[in-house]
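Residue numbers (the working numbering): 12 to 284.
Just so you know, the hints here were simulated from the structure itself, not pulled from any lab data. For clarity, every value in this text was computed on a predicted model and none was experimentally measured. One or more hints might be untrue.
[Claimed, not checked] Just the calculated beta-carbon pair ranges, DEER-fashion:
#1 Val270 - Pro160: 27 to 37 Å
#2 Val270 - Arg36: 40 to 50 Å
#3 Pro79 - Arg36: 51 to 61 Å
#4 Arg274 - Met98: 24 to 34 Å
#5 Arg144 - Pro47: 37 to 47 Å
#6 Trp130 - Glu281: 43 to 53 Å
The beta carbon of each residue, even a glycine, is placed where N, CA and C say it ideally should be.
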Amino acid sequence: MPELPEVETIRRVLEHEVPGVRIDRVSGRSINMRRPLAIEKLAPLLTGASFLTLRRRAKYLLFDFDRPGSLLVHLGMSGRIQLVDEMAPLADHTHMILTLSDGRQLRFVDPRRFGLIDWLAPGGEDTDASLARLGIEPLDPGLVSILPPLLHERRSPIKSLLLDQRVVAGIGNIYAAEALWRAGIHPRRAANRTSLARLGRLAQSVQDVLKEAVDRGGTTLRDFSKPDGEMGFFAQQLAVYGRQGEECGRCGSAIRSEVIGGRTTAWCPECQR
DNA sequence: CCAGTATCCTGCAGGC
DNA sequence: TGCCTGCAGGATACTG
């Protein structure tokens, strides 16, 4: 269940593990995901390729090789990547397996199939339908100056805009709630009825909470030796997400929760206005 | 263009 | 035990 920090953690682990490793075999079964997964199309593109670098854009991973083009991966709600010995037992809903030259396999598992595995031709970062319309990267150093004026001309609940990938690309339901708590802004507040100063504090909170989570993922990364090779999950310190009914850590009020823009949203009625 | 809802899919927790 | 409902960390097509 990956948000940006989890995806970034996976990127860092894989960037440490796979460069120079060659793909000997591609297996799996073509299946409907967010886009149709076409193993027979991917196999000739990937077989024999060696990993070079790993990039992240929003919650997308891009694998680069010693040949033109990139592998584009999105984990959706339930996607996982495993880097395991080729003899390791196969998880349910393993859709694609890359057998590597070092005896391991890179496996893509996604029960709900909201994720995406596709090939990007050279230059595809700019033309791919999903990537091309992504908004600003939330960890971009310019976020605090760029985001407030963008939000300020919109009427939607501020929470919905944080989740809109065309505005800012990579914030998910957890960190949207956490950033709003830190900034003291009610998730249902209309963005255009929020001062630019407060929107600036919100942008700063977005960066703070994401950076802290990435750092925590980096900490987990040190003892990355779990036998099943699962990646991207680490204990999280959350103030409001999933804590409805519990006491706010700042003021002691009961955390509330309602559906906003189709997503369950938790907030402190005292601290957030 | 904008805002809000419906939808893809499986797994799991909780109520009865 | 099983059956049912609702909900899940995402993204986007569609409607008004």
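Hints, one by one, checked against the model:
no.	hint	result
1	Val270 - Pro160: 27 to 37 Å	holds, 28 Å
2	Val270 - Arg36: 40 to 50 Å	holds, 45 Å
3	Pro79 - Arg36: 51 to 61 Å	violated, 21 Å
4	Arg274 - Met98: 24 to 34 Å	violated, 40 Å
5	Arg144 - Pro47: 37 to 47 Å	violated, 20 Å
6	Trp130 - Glu281: 43 to 53 Å	holds, 50 Å
The structure is inconsistent with the numbered hints 3, 4, 5, although it conforms to all the rest.
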